[in-house]
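Asker: As they're listed, the protein sequences go chains A, B and C.
Quick note on numbering: numbering that gives the first Met the number 0 labels position 9 of the first sequence as 8, and the sequence is numbered without any gaps.
Quick note on numbering: numbering that gives the first Met the number 0 labels position 83 of the second sequence as 82, and the sequence is numbered without any gaps.
Quick note on numbering: numbering that gives the first Met the number 0 labels position 315 of the third sequence as 314, and the sequence is numbered without any gaps.
These are computed hints drawn from the structure, not numbers from a lab.
Each hint should be verified, as a subset may be incorrect.
[To be verified] To spell it out: a stretch of chain A is covered by chain C in this simulated footprint if at least three of its residues, at any positions, have a beta carbon under 8 angstroms from a beta carbon of chain C; those stretches are:
1) 60–71
2) 84–92
3) 168–176
4) 184–194
5) 209–221
6) 263–271
[Stated by the list, open to error] Here are some, though not all, of the chain B residues that point toward chain A, as calculated from beta-carbon distances under 8 angstroms:
7) V181
8) V269
9) T323
10) V331
Using N, Cα and C, we set each Cβ at its ideal position, and we do this for glycine too.
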Amino acid sequence: MGEIAKLLEAELVGDPAVVITGLSGIKEAKEGDITFLANSRYLALADETLASAIITSKDYSQPLRKPVVKTENPSLAFTKISEYLWPQGLYHPRGIHPSAIVGKGVFLGSNVSIGAHAVISDGVRIEDNSVLYPGCFIGGESVIGRDCLIYPNVTIREKTKIGARVIIHSGSVVGSDGFGFVNVDGRHQKIPQTGIVEIQDDVEIGSNVSIDRARFDKTVIGKGTKIDNLVHIAHNVVIGENCLIIAQAGISGSTTIGNNVTLAGQAGLVGHITVGDGAIVAAQGGVTKSVPANTIVSGYPARPHNQAKRLNAYVSRLPELYKTISALEKKVKRLEERK
Amino acid sequence: MGEIAKLLEAELVGDPAVVITGLSGIKEAKEGDITFLANSRYLALADETLASAIITSKDYSQPLRKPVVKTENPSLAFTKISEYLWPQGLYHPRGIHPSAIVGKGVFLGSNVSIGAHAVISDGVRIEDNSVLYPGCFIGGESVIGRDCLIYPNVTIREKTKIGARVIIHSGSVVGSDGFGFVNVDGRHQKIPQTGIVEIQDDVEIGSNVSIDRARFDKTVIGKGTKIDNLVHIAHNVVIGENCLIIAQAGISGSTTIGNNVTLAGQAGLVGHITVGDGAIVAAQGGVTKSVPANTIVSGYPARPHNQAKRLNAYVSRLPELYKTISALEKKVKRLEERK
Amino acid sequence: MGEIAKLLEAELVGDPAVVITGLSGIKEAKEGDITFLANSRYLALADETLASAIITSKDYSQPLRKPVVKTENPSLAFTKISEYLWPQGLYHPRGIHPSAIVGKGVFLGSNVSIGAHAVISDGVRIEDNSVLYPGCFIGGESVIGRDCLIYPNVTIREKTKIGARVIIHSGSVVGSDGFGFVNVDGRHQKIPQTGIVEIQDDVEIGSNVSIDRARFDKTVIGKGTKIDNLVHIAHNVVIGENCLIIAQAGISGSTTIGNNVTLAGQAGLVGHITVGDGAIVAAQGGVTKSVPANTIVSGYPARPHNQAKRLNAYVSRLPELYKTISALEKKVKRLEERK
């Protein structure tokens, strides 16, 4: 415990000699584990947990029978301990596997690893320390920055630009053609999609995500933005920095998203609109027009969240409303029949 | 026909000498085919179909001009005939393809097949008779039970545990990192996802499905549960036995699903809730709180299905309601104007 | 400019000597670019754009300070210029890569290209000029027509029939098993999916799309239909010609779609229904019954779009309605209390 408190530069209340052998959630913890209290939903479990120690926020004051480490940010402390207990990269491929295909004019920085059966096309550039798992395809002239991690069976099409420390999970596709057609005599004729995709530093992309290349110019995922699984990002979409795009959300073509925006799960946005900084689209929200900064919208068609909730409450009360009106009609009839 | 009735241990009404050469749906059937009546929607087609024979339930009594095989369960009978006419596995790879990469310390049971360009990482264990198609990636120390079938280009990340008789379709990803970040000074810092995924016996997983590994502990898909295409299952989700999770449904982190639950297409569930045994979420339902056992919910936000239908009917009648109220207002005005 | 006007067989208003070096959107254009006015939303930008020339429709009459090329169809003109400036196929693999696995009895037409680590199973037929990128899997006895383009890591299962000029983007799966089970004593038993998928000429399929094979007979994608990313198409679905199926839409089993139908993003359709020619399902529409030809439906459950919009407006006015009724109740009470 003393060692962990030191690692976290945090205050320890309790016995520094307690030995920690694992790290776990507050419900699943067993003896020897350290756990943490980040979500107030689980406050009641602090005394029940089998964990041998607990990480809490600094202002946690309830007395506990086990050692407590008080930190500014319990979740961050969890991350530090996790990295301390489980060194990352144990399962990463190392070196260039002999079955990998590396094209002409490829530049590989120092300490790059490329897994079995990966295909690196002509003219690709991969910076220092990046790791590509087996089965990845990197299209011609794409650039992958340093310290990137590309999981198995990812496809990155030609001329894609990827920054540093980007993580892309399996099955995702970056740079597929945008969905663009022009109707000529009743048939849909393909519009060439000659632009690119730019993924900036510190972006993480979940599994089975589709990000289309621009018709011209570029589709952009801003620095530090995190994208969950099965998300669709159409051509010419521009997403700002530090956004959270949750699973199965979809963004139509040429829509622009500000910084620090959250699109919750299964949200859908039409094309050619703008979502302002700090805005939140609730789960399954269907956004049909631009969203101002720092607002929350929900429902279909998406409305300001407070309004949507109020309308929803009114809809719930419709059965009584119909009864009220029926009663009123009878009363009015009786009043009309009074002489 | 006689042979088929014998295979099904079923009653045959009609000529046992009729020769059956194929098996088809009631609408598509041609002469020589046997077809079946499982869905009452198609009752009217029983006499029109070109099929040479029909499988029906035991209580089917309408006289038909063609041979009828009466069984307890026509769909099951269909399956038996189908397996009899078309032996499975005709297209499966056989043996270990020389281009497959098999790591150190890998255990392969008897009769395991591994297709071209598949990658089996160090320490993996694959039990008897399992078949891996080309292009699959199995991460370090994962375990695949007996009689499994893994289709092309599936990714299974490290330390995943898969039971017996599991089928996984192409493009699916099991064990990608959960979507977990902690906000430190406005930036989203990754929380290591150190748990695993456990897929129990007899599970089937469709194509392009994403199942994330747990933050710690495990994400669980219970015995006999069937998952359709493009489904998202977040970290630490626990799904019970014999559930049906239909296409494009999504389940957020740490939600627990009971046994025999159905999530219809495009349904979405928030995190940290519970869905009771036997519950049903209708298509596109947006579930924001726990669902009791054996209830049906629908709509957004999801409500008990009968209530949702009633509210929906009331909403449909709003135009007349506004007229009614307008008329009432006039009448009341007239009443007020009466001396 | 003169050269471009000639290529387009179009009228040039302005200086034919202006030199065009690029092609861009009206907002992103810089000096030297030609751009185009196809969407009336951008009319105001025609004088502001930095582009050196503009393509407009024939009826565009506003005077501009830069050369204007007037054509019947500015988008089509754009496509022609794009193909002229950027020849297609620069990044396609050429020839049969030595690491590709080609099975027994495979027929390859002239000028077929197969990328690294692709796997072509026994009995496959691939017609002239088709290009398969690395990591593709083509199942036994499948047929791929001429001039097709299959991007990396696509999976095409056995016996699939693909027409000419079909494009399939990365991560898509054609011919995975339909989701079919029969409940036997509380367990879901798999129904063999013995049918196929037929993709007709000129179809384009986005990335990470799932198209299931039929239970029997076939799942059909009609000539000229275009499918966006992450779309789910269940077993035995039949889609007509020249449809647009936008991202993340899902179609349940045995539903039939006519010609020229549009399903907007995230739309969902139940099984066993029919959508008539020319119908449109709006984004996120949840279709629970058949849709007549040439109608627009939206919302959940999907209603005729005009009705849905009207109901939506009425719902927005519910807060005033409740106030109106409350006022009416008071007035009626006062009337009742009179004498």
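Asker: So which hints don't hold here, by number, going up?
Answerer: 1 and 2
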